[in-house]
Amino acid sequence: MLAGRILRMIGLIALVCPGMAKAQSDVPSRAIQQEVLKTEAARDEAMQKADMAVLNRIYADNVVIVNTRGVHLTKAQRLADFQSGDLKFLSFDQGDYSFHIYGETVVLNGRANSAVQFHGKVNRVPRKFTLTYIKLDGEWRLVAQSETLIDQPSN
Amino acid sequence: MRKLRVAVLTTILALGVIGVAKAQDAKNESDAEIQRAILAVDNERYEAMQKKDMAALDRLHADGLVFINTKGRMLNKAEYMEEIRSGNLKFLTVETDDYTFCVYGDTVIMSGRAKSVVEYHGVVNKKPRRFTSVFIKIQGQWRLVAHQATLIADESN
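Same order as they appear, the protein sequences are chains W and A. Okay, so the first sequence: first residue is 62 according to this note's numbering, each after it adds one. Okay, so the second sequence: first residue is 4 according to this note's numbering, each after it adds one.
These aren't lab readings, by the way, just hints derived from the structure by calculation. Owing to the predicted nature of the structure, the values given are computational and were not obtained by experimental measurement. A virtual CB, placed ideally from N, CA and C, is assigned to each residue, including glycine. Accuracy of the hints is not assured; some may be wrong.
[Stated by the list, open to error] Far from chain A, by Cβ distances over 12 Å, these chain W residues were calculated:
{"#": "1", "residue": "D105"}
{"#": "2", "residue": "G146"}
{"#": "3", "residue": "Q155"}
[Said to hold, decoys possible] Not everything, but these chain A residues come out facing chain W in the computed CB check (under 8 Å):
{"#": "4", "residue": "G67"}
{"#": "5", "residue": "K74"}
{"#": "6", "residue": "L154"}
Generate the whole structure from the sequences, applying the supplied hints.
Here is the structure:
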């Protein structure tokens, strides 16, 4: 009787777990794109307002950031730049997105034409970026960000 | 009889729990192994680029590859492979270091510095650059899905 119950429980768990995994992998890519875009919109707004709580939530603890000067920054360094005002958006213009979805990893590419002030110096040169988002603990978090100026005159 | 069944089931459950715990240990231990595997794949990729081994390059790059070079030009897999096949993109030397790895299951972020000498459309570039590569294990093979390179600015600039 008891053994029968245990066996039924094990059977039920075995049936439910693969079902959950399948349901996760069947999330339509359009829905994932919308989720990531929503997170990206929240990040954009937070960067302009220096909303540290939102930025802290969206940037993964081990995020790898490479800015347009080829400097590798940690999360703490990036957040400090926003908090201190060393990094400011004077205008915000970003688009031309393309998505590649690999399960719960999303590679988002785009172009930014924003005017950015970094340590007093204003940069208006358009740039290409790659953002990698991963769903961690049920939330999309930015794990990597790279930026490259388009047609750098020094190259 | 009932006691025997319960004992057998308890043993099976206990073995299952031990198995899961061992699997988690193995997962914890595997980050260093994953880093080595990624470095091996990246070395293989550079070797394939130098030898124009298109079959190896096809295997090591995901179909959805997005490659952004130091000029901010975005290439897909076909465009990137054509640059190598045609000789427009040549690695005259390969030198990379200062790696950072972040492992998220089957996704790995690798960042580093490259001092390789690269010839691109006839122009030789020796300037150091920072790169970020995203590798994902797809059908048992680590593949490059995204790569972006940015020139390291001269500090006096």
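Cross-check of the supplied hints:
1. D105: 19 Å, holds
2. G146: Holds, since 21 Å exceeds 12 Å.
3. Q155: Its Cβ never comes within 12 Å of chain A, the nearest being 14 Å, so this holds.
4. G67: 4 Å, holds
5. K74: 5 Å, holds
6. L154: 6 Å, holds
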